[in-house]
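A.B. asks: Under this note's numbering, think of the first position of the sequence shown as 735, with each following residue one higher.
Don't take every hint at face value.
[Claimed, not checked] Here are the computed lysine-lysine pairs in the DSS-like style, where the Cα-Cα straight-line distance is at most 27 Å:
1. LYS958 x LYS922
2. LYS767 x LYS825
3. LYS971 x LYS958
4. LYS922 x LYS832
5. LYS826 x LYS922
6. LYS922 x LYS892
7. LYS958 x LYS924
8. LYS826 x LYS890
9. LYS1013 x LYS767
10. LYS957 x LYS852
11. LYS1013 x LYS991
[Unchecked claim] Cβ-Cβ distance ranges computed for the label pairs, FRET-style:
12. ASN1012 x LYS852: 36 to 42 Å
13. GLU1037 x GLY911: 52 to 58 Å
14. GLY849 x GLY911: 23 to 29 Å
15. ALA1066 x ASP805: 37 to 43 Å
In short, the hints are calculated from the structure, not lab data.
C-beta: ideal position from N, C-alpha, C; glycine also.
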Amino acid sequence: MKRTLLSLTALISLALCVSAQTYMSADTYYSNKLDGKSGSGLVSALHSLINSHTNVGYDGLWEVYDDSDTDPNGYYYDIYSEGCNFSSSSKKCGNYSKVCDCYNREHSLPKSWWGSGKGPQYSDAYHLYPTDGKVNNYRSAYALGECANGFTQMQKDKKVDPNNNGRGKLGSSTFSGYSGTVFEPIDKVKGNLARSYFYMVICYNNIDFTSGAGNSTFTYSGKKADLTDYGVNLLLKWHRQDPVTQHERERNNAVAKHQHNRNPFIDFPELAEYIWGNKKGQAFSTTTALEDSYITPEYRIQERHLTSEANMNVFDLMGRHIASGSDIELPAAGMYLVRFNNNTCVKLIVK
């Protein structure tokens, strides 16, 4: 056999690793626990998988944010606002009188919706984000939604906002299924928030989230939480239109290091379709979901002999570990995920 070596070193700088193959990677965390399951069986398997995790505590969120929500310049990503340049050394709220005065910890699923009890959902970083205190207060406990004629905090206060810091609108719902007041976040975080809600309703499906405006989005029947038709339609729309980004994958990995669980709707975006969407009732397949969900750089090659200056770990699409080292002979043609020791990945299709 002709042994033309494929050097993967040059690919590392191009590769962005999808979260399913990094910290607590799919091969160990999911380990085929979801394969073949559908409907309530799939929901139950997901709940069992993600509900058991470490509660970092409300004060522990500051440490999580340093890993999960800090941009390359050392500033926090703000789920509702932009341009405030908060960091771990910035003022924590407290008192505030204007946008960018201070930042706090936002329950994207308002705590009043479950009665403000301080169980693990009170400090679960998968739905708590750092955000500006003034805009957080403006959102209050209103449902998420779309409001074509809504106003941002700065527009409401009739103040000039040259940096467009106070993002997110409040107004009457213009999305079918709910007519109350809603808070509409900016487009680029709508998918993030949808996936946070998907996670919450599965992880804490024994909790009633229907207090106040929560009944717009959640149901609770037979001691089980689920989404209303409005919740399904809105959140699936946002999930599809605002797909998982590299930042969101990195946040998933960072939170996992602290909580020791993952948000599967970031690892496998197709899961939402199997539970609420266009694949509802179908049996879930890890292989199919991986093929549908990976946004990792993909390379089609003819040669099975791999070399790299960095150590490699090779997995098949069932999450099984195939080989490790810097000089690897793949066993057969097929599709593989190659993870390097710096957690970057490439997807290889070997013919």
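A.B. asks: Which numbered hints does this structure break?
C.D. replies: 1, 2, 11
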